[in-house]
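On the provided structure of chain C, position chains A and W as indicated by the hints.
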Amino acid sequence: MSPALLAQGLVTGVLLGGVYALVALGLTLIFGVMRVINVAHGTLLMVGAYVTFTAANGLGMNPLASLLVSAPLLFLLGVLVQRFVVERVVGAPELQGLLVTFGVSIILINLALRVFKPDIRAVTYLSGSLTLGGVAFSVPRLIAFAVAVAATAAAMLFLKRSRLGKAIRATAQNQTVAVVCGVDVKRIRLVAFGLGAALAGVGGSLISIMYAIYPEMGSLYTLKAFCVVVLGGLGSYLGALLGGVILGLAESFTGLYVGTQAAEAVAYLLLVAVLLVRPQGLLGERRQ
Amino acid sequence: MKGRAAVATIVVLAALGAFGATTENTYYLSVGYSIFLYVALASSWNVMSGFTGYTSFGHVAFYGVGAYTAAILMFDHFWSWAPAFLAGGLAAALLAAVIGWPCLRLKGPYFAISMLGIAEVLRIVGLTWESVTYGGTGIPLLSALSLRGFYFLMGGVALAAVGVTLAVSRTRFGLRLLALREDEVGAETMGINTTAHKLAAFVLSAVIPGIAGGIDASRVGFIEPISTFNVFITIQMIIMTMFGGRATVLGPVIGAVVLSVVREALWARYPYDYQALFGVLIIALVLFMPEGVMGVVQARRRAAKVPAP
Amino acid sequence: MSGPILEVREVRKRFGGLQALAGPSFDVPEGTIVGLIGPNGSGKSTLFDCITGTERLDGGEVRFAGRRISGLAPYQIARRGVGRTFQLNRLFGRLSVLENLLAVRGPLEGGRAEARAHELIELVGLTRVTHELAANLSYGQSKLLEFIRALMLDPVLVLLDEPAAGVNPTLLERIVGYIRGLRDRGVTVLVVEHNMGFIMGLCDQVVVLDHGEKIAEGPPRQIREDERVIEAYFGR
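Protein chains in written order, with this note's numbering: chain C, 1 to 288; chain A, 1 to 309; chain W, 1 to 236.
Isolated chain C, as found in the complex (with noise of 0.2 Å):
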């Protein structure tokens, strides 16, 4: 193996991972407070894929500008979701939850199909690459982790040092305990899903100006959330972002190595062999 080799799958892995890792963040940080599992997730990357898609194909805007449309849209339709459908399930068992965002989710691709069609479309914003010392950093995967890791590194300052963030790590710690604290749970769940679907959002507009967009794209998504977020740990922070380096890595190396198609898999393969090898992810604890 070339060392120009290992370096280039290591860039590529690194810059991919960020991604993954802000947008594994919103699906952690929603099972962390709600103990739901989030399947439209990638579904809600969808979205903000198609919202980065209208507001610069059609509407001429710079594609990075759009993510400031899209971040508080994919907020609005979080809270909407968990106010009047998720908040109804929250405590029940994992099944009832699996199959609310599942239907939320095929809702959203429904209406997607509708609007857009089933086309592949595609957000053209910058290309080529740049070379330094014999590796290729791709442009738009290069603003694309940079954009990543400074939402990722924003939502991991609010939910360390703001007011708001705290209540909701607490929450996520312990229920009861924030309640007799005086936390209000309900709109810490609020923000929260509101919060963890923003980042899918904030995801998708980036992955657009990466790669062709569809409708029914999402479920792909959750699954490579799913993989990053079980590798972290469920319900851990830092472990998402970790996890999500170590997908991109395991992805670019397999790319590179084997093959693109074996590289499609290997979050599938990943997530299998670490929930049989430690269901409690890298960062998790084990819970009784």
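Certain hints may be false.
To be verified - Computed from the model, here is a short list of chain W residues facing chain A with C-beta under 7 Å:
{"id": "1", "residue": "F15"}
{"id": "2", "residue": "T52"}
{"id": "3", "residue": "T54"}
{"id": "4", "residue": "G71"}
{"id": "5", "residue": "R79"}
{"id": "6", "residue": "R84"}
{"id": "7", "residue": "R90"}
{"id": "8", "residue": "F92"}
{"id": "9", "residue": "G93"}
{"id": "10", "residue": "R94"}
{"id": "11", "residue": "L95"}
{"id": "12", "residue": "L102"}
{"id": "13", "residue": "V104"}
{"id": "14", "residue": "G106"}
To be verified - Sample of chain W residues at the chain A side, in silico, Cβ under 8 Å:
{"id": "15", "residue": "F26"}
{"id": "16", "residue": "A78"}
{"id": "17", "residue": "L91"}
{"id": "18", "residue": "E99"}
{"id": "19", "residue": "A103"}
{"id": "20", "residue": "R105"}
{"id": "21", "residue": "H131"}
{"id": "22", "residue": "R149"}
{"id": "23", "residue": "L153"}
{"id": "24", "residue": "G197"}
Don't read these hints as lab results, they were simulated from the structure.
Every residue gets a Cβ at the ideal spot worked out from N, C-alpha and C, and that includes glycine.
For chains A and W alone, coordinates are given in the frame of chain C:
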């Protein structure tokens, strides 16, 4: 009560048989076939997930593996349909035994995600292992039977699935599955080998979907990975069982009949929005009737049995 | 009274930084009622979990009827004749009282299990709620149900985790009677309880745990006067 139920069963079966034997309406025959398919699938899901509470969110894996096994045996090895379909059931059971061992140690959401992951891995395997599965090109199949033949064959499979559920629900085995659903540690300390019980239920719940998968592949006349390992098939098994009532014998039957008809009607009337409407239906069902039709019936029955305080 | 039915030997169990069991050893003679007491967090329930196989030991061993049982699965231990109840009940909530008993995989099967179940239900006066869901029982009723559910194993040894907690005096008296009845039939009982009157009046032997260690062992009268026990409970 018991006698009346038996009479009702015989009447319904005779009516379905007479209908299948005489009708010339191919639409009704194919709807009947599809209802039987889902009675078989939902009842099987129920044996595992309804009774043990372990949510298999990837039960389509067994349907798909059965479909591929039968298809490959018929297409490449010229097996006749009956042994090929049975081999599909066997392959599904084997898969359940192999993945059940590690997966059933996982609890709650982890088990659900692992099953979803396994179904997805199988889809990718179907797409990439071209030398065996013909990848995305798929496998064309000659229809092994007439539509009427498929109607009766799937009807028999559905009947078998209901029979299995009945047997489970009437035995200590089923009672112990329910016990471990309620409290696994409690069940284990009461002498129940929970691992063996879960594994047995899992394997049992895989056989019939495996057989049904092979039959369905032959009926459709073509299989390819994306539509075969489709999450939507799993979701239908779950939602039908839930609608009728989990851990009951009649629940999955009621759910499969009602929701298959609803699905067909939605599909015929709103071909572009039927997915969304089904989504609304799923959400409404979970939010407003999580215990299903039989749940309501059982609660009433129990109330009648227990004397008022 | 013959030799020990249960031998606990230097059992160790650690949860993260907490040494829950620091190697206590004691015997439970066959056909006796032995009390296991100690302040909160002294390791009593953990010891129960280790005896019944729900928790794996880090060191030491447990022998039952002369054979090592530590390392066996909980269901195997149960089938050898070790029944137990839990501090917080672990009934099968959405099964009826009768079904809770029939689900038990003990030595009796089929119709004989059913007959035995009805017998036990009658014994503790739950006949009226035979078909009621366990989740709908009153606190006292669920204590009784858990007790007779353990008896469906036809146990040689019964472990009772706080059978008297939160129970009214009338019911308490009945429970004491049932436990004595068990001993009279040759069943050995190991009981964890905070109610000292209950322990002192019922037990033949008492074992005292503190911080996962055995600090005293003997007949109730001797325990009551033991300096270390008094200190563990009232001192510091």
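field: Indices of hints not satisfied (ascending)
entry: Numbers 1, 4, 15 and 24, in rising order.
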